[in-house]
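Undergrad: These protein sequences, in sequence, are chains R and C.
Quick note on numbering: this note's numbering labels position 51 of the first sequence as 51, and the sequence is numbered without any gaps.
Quick note on numbering: this note's numbering labels position 300 of the second sequence as 854, and the sequence is numbered without any gaps.
There could be a bad hint or two in this list.
[As the list claims (entries may be wrong)] Taking lysine-lysine pairs in the DSS-like style, the calculated list, with each CA pair at most 30 Å apart, reads: (1) R/Lys528 / C/Lys619; (2) R/Lys498 / C/Lys775; (3) R/Lys531 / C/Lys619; (4) R/Lys498 / C/Lys570; (5) C/Lys602 / R/Lys531; (6) C/Lys602 / R/Lys498; (7) C/Lys619 / R/Lys525.
Hint data in this document are derived by calculation from the structure and do not stem from the laboratory.
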Amino acid sequence: MKKKIVSAVLCVAMLSTMFAGCGKQNGGVVNKDGIKEFTAFFAVPGSEINDDNEIQQLIAEKTGCKVKESWLTGQTAEEAIGTLIAGGEYPDFVDAGNSSVQMYEAGALVPLDDYIDNYPNIKEFFTEQEWDALRQSDGHIYWIPQFSNIYGEERACVHNDEAFWIQARVLEWAGYPKVETLDEYFDLIESYNEANPTMEDGTENIPYTILCDDWRYFCLENAPQFLDGYPNDGSVIVDPDKLEIIDYNTTPTAKRYFQKLNEEYKKGIVDPESFTQTYDEYIAKISSGRVLGMVDQWWDFAYNGEDAIKAAGLDEQGCQYVPLPITIDKGMKNQWHNSGGVQNVSAGLAITTSCQDVEGALQFIDDLLGQDIHDLRFWGVEGEDYLVDDNGLYYRTPEMRKQASDTAYKASHLCTYSYFPQYIGTSRDGKNAMRAEEQEGEFFDGLSEPIKKCFEAYGVKTYVEMLGTTPAPGSWYPMYTYSSTLTTSTPGGVAWAKMGEIKHQYLPKVVMSEDFEQGWKEYMKVYKECKPEDFISEMQTELDRRMEEAAKYE
Amino acid sequence: MTKKKSFNMVDFKHQKVLIFWAAVITAYGFIFYYLPLVGWVMAFQNYKPVTGLLHSQFVGLEKFKLLFSDVAFLRVIRNTLAMGIINLVVTFVMAIVFAILLNEMASKGGKKVVQTISYLPHFLSWIIVTGILHDALSGTGIINTLLLHFGCISQPINFFAHERYFWPIVAFANVWKETGWNAIIYLAAITSIDPSLYEAAAIDGAGRWEKIKNVTLPGIKPTIMILLLMNVGNVLNAGFEIQYLLGNGLVQNVSQTIDIYVLKWGISQGDYSIGTAAGIFKSVVSIVLIVVFNNIAKRHGEERLF
């Protein structure tokens, strides 16, 4: 008898787990505390915060809403979104990254343009022209790009973009020389590594490493556009005078750049594991402080790699990174840093058709953009995470700064809702920055000694000043917001997909080749077989369209 | 000859539990194996999620034509077959050899310990196995350190950067992970061999080697045949996780399998039709392989599936 009962119980338990998946309800379900709960999926890797996160709770009390965020794990963004579409059930909020158009084409997103006028903070987020730029082929707006939106005066201290980075200790050793060209950059790394082959604790340096994992291979492939003095159009160069698309893969500069990498690879300066390492392995190397230099985007290594360097106390040994204004030849203008926000029209936060309470969801976005909630997100709780001085300026103590970069504290206390719309620049009070890292005083106090010394030696105050800054080149900028939405349904999209595949395979081969000329010739041969001209011509069409569109507002 | 029994209530009552479970299993098989086949329709359509199965445009065999004119697809077929066959041969032979060796061990306790340790890797997921491989084969990993130490090489080998190492690495990983597990069934088959056969062989003056050759191997031959048949059908399931996790841009020409192709074009690029077409191709080839090998087995009077 007993056995029967046990097996009956087990049966029920099994059945209930089977059906548990089916009972999921979406959209503004009100929990027992009277708080609406939404779900969100972001097609980027990220860290989940604790369920009882304190600031999330505070925001929930003020807005009546809470969002359970989940992130990409172990898949590519395209796979995750493709799977969602195939399944036909979505979380309430989604940022599908490059697959946003696929979500739109699958009819999974709710058009937002009819609602926007009712939400003042959302309405204020973009200008009329910027909102129009977001309209899809059917004339509706489906997503809100979250980032790079400057409120008031721009306050950039950190160069949140791509650069040739170098550790402060290398510059200090060489007496802070002027480094302007690719050759000078590698000469510096070589001579430093010869004089100091190891770190203070005896671990060997890795002079130069290249991240090449999946979509992050931009660290290898797109430097030629910057070396030629063009800004980050990402997939192509735009000639600003003739308004013509140029393919940066085949320029003489590209060849010189890869030849240089090839030489350095043979000399043992380029990390031999470059092309087979995963992103995690790369970050582990950066965190150890062994890597002297690399090309990368600041956001790609700063929040894990640099934070780990700080946590390990390696910042005092000068293991943090400074950007250098590298071009291919001397005396060229560089555009590693552009001022002004970049509206990435290709992706953003969207609300899906599975969401039962679209108004509630939009109200939450609207609330998040209000100044007091925005301060909670990016400064924290007053008195706990920051203090206010007599002039009304926010500041932090060294302890507060330290805990703000502590992983456990981030998970249990801080809640930035980092993939919801947000501002940079100056707060609505006209004094403070929208976020702690852009507050000048706060930024400078937070720097380690070696970085302060380095800035002093070069006579600059911020990372951005290390590079200098130029305004965005034109109203087409940036072109990558188009190329990243291409799918294989057009010839240009097919060419783009094939080019990516070929470059993933051949660029490492070229860098590792015994005979560079031979390797380059082979690469160029297969590259031409991808029909890059199809891609270029579609990009040209888009460039022309954007210029026409922009002319309407002049 | 027994007379064919007609249906009768008494039998039904006796067997009602069996009949109940048979019905449950049949329903399960129908729902999870046959019903999803409706999705095959996609391969003959220009499927778009927004129009669904019912309203997408039919394009006949166009997707298949596209598939077979794609050099990349022909390459993934080659890779899948190559890795499938290598894996089949290596893991199959290793499992039998391992089972026989284990059976020859005199110490009962030692046998148990070895067997347990050897099948444990089976329970690790591929993500962990590939993580271990990645570390072990890295420039500063144990393999390169050992090779350097014994002077076999002067520079660390970058195992994942060369196409020629990829298939052997995959085969090795499969052997390491599955040998112990696959050996279990052979060990079971060996224990069911009548001990008197061994005694008779010993009386005839057979040594260890002769006993293995003339008693053990013939004794487990039916098991070997059945497993071989079932595994032949799986040749095209050469794997997904391991190639997906170990592959990189440099070796993509040899690392991508049909499953990865389906994922890449079907899911990532959103062309569900071409993904389905590739999947159908794979299933059809597998069925053909099984039928062909089953017939060969039948002709030779061996154990077979159907």
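Undergrad: Next, verify each hint and record whether it holds.
TA: Results for each hint:
no., hint, in the structure
1, R/Lys528 / C/Lys619, "holds (24 Å)"
2, R/Lys498 / C/Lys775, "violated (49 Å)"
3, R/Lys531 / C/Lys619, "holds (21 Å)"
4, R/Lys498 / C/Lys570, "violated (60 Å)"
5, C/Lys602 / R/Lys531, "holds (27 Å)"
6, C/Lys602 / R/Lys498, "holds (23 Å)"
7, C/Lys619 / R/Lys525, "holds (26 Å)"
Going down the numbered hints, you'll see the structure goes against 2 and 4, while the others check out.
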